[in-house]
Amino acid sequence: DTGVSQNPRHKITKRGQNVTFRCDPISEHNRLYWYRQTLGQGPEFLTYFQNEAQLEKSRLLSDRFSAERPKGSFSTLEIQRTEQGDSAMYLCASSPDVGYGYTFGSGTRLTVV
Amino acid sequence: AQSVTQLGSHVSVSEGALVLLRCNYSSSVPPYLFWYVQYPNQGLQLLLKYTTGATLVKGINGFEAEFKKSETSFHLTKPSAHMSDAAEYFCAVSDRPSGNTPLVFGKGTRLSVIA
Numbered sequence: 001d002t003g004v005s006q007n008p009r010h011k012i013t014k015r016g017q018n019v020t021f022r023c024d025p026i027s028e029h030n031r032l033y034w035y036r037q038t039l040g041q042g043p044e045f046l047t048y049f050q051n052e053a054q055l056e057k058s059r060l061l062s063d064r065f066s067a068e069r070p071k072g073s074f075s076t077l078e079i080q081r082t083e084q085g086d087s088a089m090y091l092c093a094s095s096p097d098v099g100y101g102y103t104f105g106s107g108t109r110l111t112v113v
Numbered sequence: 001a002q003s004v005t006q007l008g009s010h011v012s013v014s015e016g017a018l019v020l021l022r023c024n025y026s027s028s029v030p031p032y033l034f035w036y037v038q039y040p041n042q043g044l045q046l047l048l049k050y051t052t053g054a055t056l057v058k059g060i061n062g063f064e065a066e067f068k069k070s071e072t073s074f075h076l077t078k079p080s081a082h083m084s085d086a087a088e089y090f091c092a093v094s095d096r097p098s099g100n101t102p103l104v105f106g107k108g109t110r111l112s113v114i115a
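Residue numbers (our numbering), protein chains in the order written: chain S, 1 to 113; chain V, 1 to 115.
If you are wondering where the hints come from, they were derived from the structure by calculation, not from laboratory data.
Given the structure is predicted, the values throughout are model-derived calculations rather than measurements.
Built from N, CA and C at the ideal position, the CB exists for glycine as well.
Fair warning: there could be bad hints in the mix.
Stated by the list, open to error - Computed far set for chain S versus chain V, every beta-carbon distance over 10 Å:
| id | residue |
| --- | --- |
| 1 | Thr13 |
| 2 | Gly85 |
| 3 | Phe104 |
As the list claims (entries may be wrong) - Just the calculated beta-carbon pair ranges, DEER-fashion:
| id | chain 1 | residue 1 | chain 2 | residue 2 | range |
| --- | --- | --- | --- | --- | --- |
| 4 | V | Gln42 | S | Phe74 | 18 to 24 Å |
| 5 | V | His10 | S | Asn51 | 38 to 44 Å |
| 6 | V | Ile114 | S | Glu28 | 37 to 43 Å |
Chain S on its own, in the form it takes in the complex:
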């Protein structure tokens, strides 16, 4: 088990372009979470899945954001028509259904220029 893997680690994109991030959770974890962390702030919840079902979405997740977890394995987070305000670290975490505490990945740092 190599932990939660996120790719790419860094992404620089021009405003208006679409970007997609990938998260591979710990294989036996059913739950997968996406958070966004801006400079000087704590992580803010975006959305989470139990297996392939998207159980909850934050109001931070605008129409330009979409997340999927096909077959309950890896997950992707897509941002369409990126804006400078989307520049942040996007963190993925996974957990089992029971118990408390996540395992976080190292994040994808997005810079929109």
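Got chain S; can you put chain V on it based on the hints?
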């Protein structure tokens, strides 16, 4: 809705000195409380958690925290700081008893350790 306030965005201590990072929470139901640590360019690592039972919780790397309901606090302490403790620390809360669910994080406290 629950919330977390971390007092002090930056704390600086000397090596060997006591570390005290403050966290106050707001929750309408019994909370589940967590401390995470984040090293530069890395994800967050769980230090310790309070769910139910003993109010003094011990975690990794010599850290511990005490849940005080009357003060709505969950402060993190370590008796003797090491240089390797320099990092960003986040307190988080969940008010849902159904296992792992979305957390609300504080803004974080950056700990510096001076030799």
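Checked hints:
1. Thr13: holds (19 Å)
2. Gly85: holds (18 Å)
3. Phe104: violated (3 Å)
4. V:Gln42 with S:Phe74: 18 to 24 Å: holds (20 Å)
5. V:His10 with S:Asn51: 38 to 44 Å: holds (41 Å)
6. V:Ile114 with S:Glu28: 37 to 43 Å: Holds - the Cβ-Cβ distance for isoleucine 114 (chain V) and glutamate 28 (chain S), about 42 Å, lies within 37 to 43 Å.
Checked against the numbered hints given earlier, this structure breaks only hint 3.
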